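J.: Starting from the known structure of chain A, fit chain B onto it as the hints suggest.
Keeping their order, the protein sequence lines are chains A and B. Position in the first sequence counted from 1, then plus 477, gives you the numbering used here. Position in the second sequence counted from 1, then plus 5, gives you the numbering used here.
Hints were generated in silico from the structure; no laboratory data involved. Any given hint could turn out to be false.
DSBU-like mimics (lysine-lysine), calculated; alpha carbons at most 35 Å apart, straight line [what the hints assert, rightly or not]:
(1) A:K992 / B:K107
(2) B:K174 / B:K8
(3) A:K1053 / B:K126
(4) B:K35 / A:K1064
The structure presented is a predicted model; accordingly, all values stated were derived computationally and were not measured.
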Amino acid sequence: MAENFEKAIREICEQNANDHTRMMDIVREVQQRFGQVSSEAMDVIADAVNSHRVEVESVVSFYSFLSEKQKGKFVIRLCNDVIDKMQGVDKVAQAFQEELGINFGESTADGKFTLEWTPCIGMCDQAPAALVNDKMITRLSSDSAREIVKTLLENEDENRLTHMIGDGNNANPLVNSMVNNNIREEGPVIFAELEAGKAIHKALAMSAVEVIRDVKTARLRGRGGAGFPTGMKWEFTRGADGDEKVVICNADEGEPGTFKDRVVLTEKPDLMFEGMTIAGYAIGAQTGVVYLRGEYAYLRSYLENILAERRNANLLGNNILGKEGFNFDIRIQMGAGAYICGEETALISSCEGLRGDPKNRPPFPAQKGYLTLPTSVNNVETFCCVAQIVDKGAGWFAEMGSKGSSGTKLLSISGDCIRPGVYELPFGIVISDMLEKAGAVDAYAVQIGGPSGQLIGKADFNRTICYDDVATGGAVMIFNKDRNPLEIAHEFMEFFCEESCGYCTPCRAGNELIKERLEVIMRGEGTPEDLTYLEQLGNTVAVSSRCGLGQTSPNPVLTSLKNFRGEYEKLVKENKDGMQRTFDIHKALATGEELQGRKSVIYAD
Amino acid sequence: MAKPKIATASLAGCFGCHMSLLDIDDRILKLVELVDFDKSPVDDIKKFTGRITVGLIEGGCCNEENVHNLQYFRENCDILVSLGECAIMGGIPAMRNTIPLKECLDEAYLNGPTVYNPSGKIPGDKDLPLILDKVYPCHEVVKMDYHLPGCPPSADLIWQALVALLENKPMDLPYEVIKYD
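Pulled out of the complex, with its shape left as it was, chain A reads as follows:
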């Protein structure tokens, strides 16, 4: 038994060439096969790949989809982001708990089920949603939750859970998912047709420098949220020392409320791969990696199949489309449930088989990235734009959108609106127009750019979506008058506290302190000084954190303080006598009174 176990683990390592930089693939496979990466397994892996046990353990303990403890045969991960909560995930959670007789974070005694919470899984437009192993289950109700447990008990097969098949390529046999695209508005860039290989063909007719020049002329900026000029990033990477270079596609959309990349990956994967290949040509790279978030594992075999088709068509591989010496191929790297891996240097760490810790900059990835090779990390949507720019021309692209932000933007709209889903809209669109399209008739607050973005109120609805005004990676969450901005901010702070990698103190401790003080205010025990404290601490965390997570994590509190100050001021009271209202002497004394066997005389009621 033990020998067989060791043999199986060694086989998995061998399939990955005993390469420690493929640690993610190894431990994912072990997890899938055995429902855990046990202590013994870690020892075997460390030995097989010639690494240290602590290296393996650091990876296993970091990612939420990996565990040292035995997980059930079916792991049910229920999404608990703010939109799911608005759509009644609590009732679903209760139904699961009742049916399984366990709490969240526990497994059933027979080893069949594990029940867990998970942050946003990219299904806000069809919430509440859950993952059952790799299977995506959307639009849950308490009834369907009970049905799921019943089906799994009877059939022991999560594939039996999909009754309704979603639209578009969700119905593709390789996807076979109940997920819906909910594409509400198709624009001229992402959702326009482009024959596979056409843009590569055009790119190969130009020199690499000319391709980069076109991307620059089109004034394309990164679609992930930060908006760095893509052409410039490519130029840096191309110019960096070394012959080997790498193109990475960031498909780790973990920002709560974002799901546009999921739709692109489902409907427009060819366009994305086309853009990556062009990037490979422009930069002079041989290797392409798509970092796909673990939650989207259901798309993997479908994407692998498209990659195989492209290899057959000589759109990938050696001497692509007859261009002598242009060799480029793409592999898919699966993530394992860590929001921080959407940050490019953390993503690179993860691709290298490490914990998803951000790296210090400089050196920037363009200088020293994946395995110290010059690397360009771009968003899914950015690559799609590139393919269209090369095909239809930089001028065509630059004419769309607003002055500083050319082209269109995919927006993932969810929350209190009639038409949640994906919209491709030109940059510069006025927020109120966007809300009207989505059918958000009574919007009170809108979170733009996900938790790391900003919460804005009616006064800002006349502003525009673009890099120079309200920038966004694509998430738009709409809240009506019944929602409390403080609760929204608190939800997001909980998320950041959970997802902080813990490396730097401002982020690890600062976010906890922000959350605690926010809770004090929400309980009605706050003072006006607490608002100042939140602002000061928020700015400190933003300024002194090591990576983008901590630099943006105070935003929900800072922007709601700015735009919904009245809601905060309603709750705080001047502390005139200097006694802290958060301190309850009777509560603090209760245990002592019991143990010491008498009531307090000083603090008699």
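T.: Only chain B this time, still in chain A's reference frame:
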């Protein structure tokens, strides 16, 4: 014009911070010229005799008497200062905060290897203040205006802070007086 008053208290502390206060050496003569000492363990005055300008608190709150005393200080002091690690963060006494109170008291009065306690009871005499569920730093109980770090804060730090507060001048605390490693 009457001299401003200062008062001090040691709550759940070790009196180390008070010792450090005495470490100001001959400057204590200058201090006496500057202020009157009111309620303090130094002179054993039990009740405030009037409004206090600066109150120095050593130690956090581990029992009801600490809380009561601290609140009494807050009511009577214009400026209240957390003096040293225990007042600021709970310090050594707060090490029990990670252990349930029952476990702590059982170990101390019932199960400890050197305990002799035929009654088998945890002491509950009315002259003993009741213990709190955990040790609270001062600012969690009342509003504290300043925090002087250190274990103990050095005499120079206490001196310079006190003089600045009493003369209403900005504090000049060079790195040397707040550096502890």
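J.: Give a verdict on every hint.
T.: Going through the hints against the structure:
1. About 30 Å separates the Cα atoms of A:K992 and B:K107, which keeps this hinted pair within 35 Å; it holds.
2. Proximity of B:K174 to B:K8 is assessed by CA-CA distance (about 17 Å); at most 35 Å being required, the pair is judged to hold.
3. This hinted pair does not check out: A:K1053 and B:K126 have alpha carbons roughly 42 Å apart, beyond 35 Å.
4. A C-alpha spacing of about 45 Å is found between B:K35 and A:K1064, which places the hinted pair above 35 Å, so the restraint is violated.
The structure fails hints 3, 4 (numbered hints given earlier, in ascending order).
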